[in-house]
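Novice: Sequence:
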Amino acid sequence: MTDLDRFTDLDPIFAQWAQEKLRKKFRRPKYKTLVAVDTKDLSVNKYEETYHREGATEDVTYNVSNEEVENNSGTVKEHLITATDTTKSSYEWSQTKGYKLSASVSVNVGLPPITGLTAEVGVQFQLFKKKTKKRETEDSHGHQTKVDVQPWSKVKVSIETKKKVHKMGFSLKFYLQGKVTVQMKKESGKTKTVSGDVVDILQKYGTVETDTSGERTVCLSIEGTFEGMTRIDRKVNVNTTALSTKIDKDTDVFKTSVKDYYEVKLTTFNPMSWNDGFSLTYDEIFTELELVQIPKFKTKKESIQSEAERAQKQTLNSLDDLFNPDVTGLSTAPRCILIEGEAGVGKTTFLSKEAIDAVSQKTELGRRHDIALFFRLREVREEETIEEMVWDQCVPETTEGIDVQSIRAILKRNESRVLFLLDGYDELRPEARAARQAIPKLLSGKLYPNSTIVITSRPSAGVQQYTRPDCHVHIMGFSPKHMVKYVRKYFITDPELAEDFIMQYFTVLIDKVFLKTQDLFSNLIQTPMFLMLVCVLWEEEQEMVSTGTMTGLYDNLLTCLVRKHCKREGVNMPTEGLPTEVVESLLQFGKLALEALLRNEALLDLTEVERAKVNWELLLKLGVVSLEVSSSKLHPRRQLNFSHKTMQEFLAGRYVADALVNQDIVELLQLTSITKALELSNLLQFTCGCDSRSAQAVMEELSKISSREFTHLRPVQFEMSHVPKDLDIQKACRNYQNFTALCLTILSEKQEPEVLQGISQALPIVILDSPINSREATALKYYIQNLQSTNLPDRLILKFPFGTDGRDTVQYLQQCFTTSLPGLILDLKLSGLRFDSPDETARLVSVLKNVPGLRALDLSDTYLTPSSLQPLVQGFSHMSLLEELDLSGNHALGDAGMEVLQVGLSCVPHLAVLRLECVNMTAVGMSSLAPYMRHLVRLRELDINHNEIGDTGLESLTAVLPIFTAMQVLVLRSIGISSIGMHTLVPALCQLTRLIKLDICCNAPIGDPGLEYLAAILHHLTAMKVLDLRYTGISDMGISSLIKALPHLVQLQVLNLSGNNIRDSGIVSLVQTLCQPSSMDMEQNPPGEKSLTTAPHCNTTLQELYICYNSGVTGAGLGRVTQLIITLPALTRLDMSGFPRDTPAHLSDTPAMALPYTPAHLSDTAAMALAEALPRLPALEVLNLEFISMEPAGFQAVVQAAEEHPTLERLGYSRRGVPEGADTTASCLMWYC
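Each residue of the sequence shown is one higher than the last, beginning at 1 in our numbering.
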């Protein structure tokens, strides 16, 4: 096809038309030659474009940088790599069909809007000739990237370029109007000009149409093509390749040597240094673990569980369970696991077995970690590094190619796969516990933050000073089944003796084993160490077993060992006591044991022992100690090792008991504080168990310390508090409870009148929070049985573990309260026991008849039914002084239970606290109960939360509420109140002017109208300290009414507005109002006076503020809050978590992890303001920022400020909101889902 075929020439058409027109005028064709065509009066009226894809191709090219970087060292190297790429691009468009015309007539074509199109916006196509235009460009691309080249790896950078080329065809209809003037010439040269309408001229070559104005146009069409680049995609790839070098070989050698070393050193052990023929493998050791729940994310439903339900503990099959989110509630694997247990319970044994199983990959711990490192912390010295500890304790000295430097490289390279097993934090030397030492740095995450740690310790040894464990496990010791298995292993050569032992103390069924008695002995033999001692004594002389005390067991064991020694050596054994030489050697050695104990050391350097001229060889023959060469290669020495730390404490206690004849106990033991007494707990028990005079001296000193440190404590401080409790008071209460346990265990060792008198002087308040077969419970029984009216405590508080057998507990109480004890004030807490039988409650009532001074009775979550409640209510006549009654969590009570209860209320006129949470009461039950409550004129606390009584039931209650003028706490949470109910309630509330806590949360129908009713009467409730308005359906409208009333609440300490519909403006206005000083603050800090703790215009009253989960609050609003909170310096808890955005209503109860996650975003400015505010909140303990995101700089600033804060224990944050690459090793961080 030629150009003439593709391009129509219009000049001949115009010439033919002009010639024809002139011929008609002059009657002959004289003008035959075309001179010119004038189109100045010709115009393109409009045009229409259409496009179609003719084809598409892709051309992918790669350009790889020639630069490759290798890191052959054990440290990370930073390197700048540049990769370049050049791309040639061409763009071409052409006219493939059109019209030739001598005049210049053109049409601008707008090319199609292709994404990424880089060609010119428009192209001009001319009608009179073929038009082709081509443009070429060269695009160079350079990429620089800064990479961290990991140890022993290679990095290569490449740029992948993808070019996408489109080819398009188009069709263009254009519409011509106007006149064309054509000049013709005849042979003589004379010219003539003729003009005509272009529509008439070209109508045969196109189509004629009429435009909107009625003018005619002629439509012609042209065609063309476009070909060019529409997109260039570039992707930068950074590829890291591990180098197989010496480090890999060293790692393999290291792992093998550790495994071999453990198999030699840890697989078998001899628990009795005096019996070389007895050994055990760790596979034969079994212990039960109990998981102690730690704070975790709670859904709305979980957060309203009863206290008893939250107190339940969960038995684990093994540590593998801690990697199950259903068990731990953690969204990620734990980094730090703390295992606590009392002396002799088997912590070292357990951890040794975990080490063996880990290197053999038999456990989840082993499968998750390539390297398991077991440290005995008692071997660690000051300034020793982690790598030195590994070389010292985990690999044979003969391992070739492994030294401290190579260990450091191996640990760095494999950090996330390293497991540290740290045994005996309580035995770590004080100088090695300082913050700058290696073990504290490892615990706090400053060293190897991506590793995993399992650490064992006796309770309260201070591990939490450097880390907040993700999981907290308590070793309970042997289960009865495991006790029987252990006994059979011990007596493997004499099965008949084993079966005699088992028959004496156990009931063995087909698949279950039970202890026959629940007493002190059964409690002791749960501890592996003590069970072993009992087996030794049983083998020697069965009468020596049932001593009932730790000291008795060790005394008998010592006698047993001396007898065996005398028999071997052919020496006569005295009929009374021990040989003189033995006694003298034991006392000399006991002095060294005490000195080591006070230095927190469990090993005695043989050189020091010899220098003290102690006959250590005799002690070695007895089996009291063993001689070993230190396992430490860094600190090699010959040393004497006690069979167990309790043996060291026993020998030291014997020496102290003897030395107290001539020495002062304070000077001897440095016993100057409760803290020191608790540290020396076992030593003091053994000392008291050895000698009555010593026990009396110890108790006299403990009484002095108690009177100094606990003189400010009162019984009320151990009751449930509805307002924030002072930190110092909380700490003092915890210390007092631990001190009480110590005093009771001392009494269990020496049940004598002199010790009992010391207990009475040391403990004005006596508290038991232990199982009924514990040593403390045994001692308390003796204490109660010997109580006299002249030495009654200020308060006796009995609390038993959740799930304890109710029948056994009642039997224990029967043994305690055998006679009437008028004047004894008793708080009895039986929560979680089972009292679903009327017979059991009747037995309980019969016991309580002997305690007419019963003050508080807690029967929450005890499976009470209306029938089992009946005997209790009938027994109210013997409990006329009862002040507190808690029946919460007994769902089976229902309305029928309320009918039973109401009958007895008149018998307890002193009742001041009534808790009926979750008892399945409806409006019917409330209507029935309310009239009988008129007898309770002293009622100061009423809790009926989580009962569907609705507005109707509330109306019955409001009829009697005004009677309770002493009311301080009213809990109406989740009972179905609406705004109508609030309208009924507020007139009664007006009269409760002593009210310090009002909880109406989780009543969504209250809404703004209900809050407005409440706000209108708050000026009557100026004593209010706690106001809980969570999930009550309020918005900015309701909050505005609350804001107006807030200045009246001058004592407000806790305000909770979580889970509502408040927006930014409402929250900001609220916080601004709260930040204003109360009138009380103004009186205490008048203008012009400087306070040590406050600045002008500060609110020093508010301690807890919860504004989380409000659907209308954004990052901007929270940012404004961060600028205001500095004027709330008394805050201890602040929750300003965001709201999970775009959450459908039907997902409101869905766990947080499953919800769509669009957090409120705190800008860097807001985050920095929060970080700057934290130091100005000196009392802050908890800060929650769930459902919030931040930029990296802001996040790190907040975390750093929280970590450096002296009192902040917990910074709650959502893992999904953490900026990529941010450091999350801070110990204060607590993760939500």
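Hint data in this document are derived by calculation from the structure and do not stem from the laboratory.
Ideal Cβ positions, reconstructed from N, Cα and C, are used throughout, including at glycine.
Hints should not be assumed to be uniformly reliable.
[Claimed, not checked] Below, in silico cross-link-like pairs of lysine to aspartate or glutamate (DMTMM-like), each with a Cα-Cα straight-line distance of 20 Å or less:
| no. | residue 1 | residue 2 |
| --- | --- | --- |
| 1 | K446 | E948 |
| 2 | K591 | D605 |
| 3 | K185 | D38 |
| 4 | K446 | D1036 |
| 5 | K412 | D38 |
| 6 | K100 | D11 |
| 7 | K249 | E70 |
[Said to hold, decoys possible] DEER-style ranges, computed between Cβ atoms:
| no. | residue 1 | residue 2 | range |
| --- | --- | --- | --- |
| 8 | V327 | V571 | 35 to 41 Å |
| 9 | T1158 | T398 | 55 to 61 Å |
| 10 | V583 | T256 | 49 to 55 Å |
Novice: Quick one, are K249 and E70 close enough, alpha carbons at most 20 Å?
Specialist: This hinted pair holds, its Cα atoms lying about 18 Å apart.
Novice: For a C-alpha distance cap of 20 Å, please report whether K591 and D605 respect it.
Specialist: Status holds; Cα separation ~14 Å.
Novice: Go ahead and decide if the range 49 to 55 Å is satisfied by the Cβ distance of V583 to T256.
Specialist: Hint holds: Cβ distance 50 Å, inside 49 to 55 Å.
Novice: Has the given pair, K100 with D11, been kept, meaning a C-alpha gap of at most 20 Å?
Specialist: holds, 7 Å
Novice: So the hint says 35 to 41 Å: do the beta-carbon atoms of V327 and V571 match that?
Specialist: Violated, at about 56 Å.
Novice: When you check the alpha-carbon spacing of K412 and D38, does it fall within 20 Å?
Specialist: violated, 87 Å
Novice: With the threshold set at 20 Å, check whether the alpha-carbon distance from K446 to D1036 stays at or below it.
Specialist: violated, 45 Å
Novice: Are the Cα positions of K185 and D38 separated by 20 Å at most?
Specialist: holds, 15 Å
Novice: Mind checking the hinted window 55 to 61 Å against the Cβ distance between T1158 and T398?
Specialist: With a Cβ separation near 60 Å, T1158 and T398 satisfy 55 to 61 Å, so the hint holds.
Novice: Holds or violated: K446 and E948, Cα atoms, limit 20 Å.
Specialist: violated, 52 Å
In terms of the numbered hints stated before, the structure departs from hints 1, 4, 5, 8, listed from lowest to highest.
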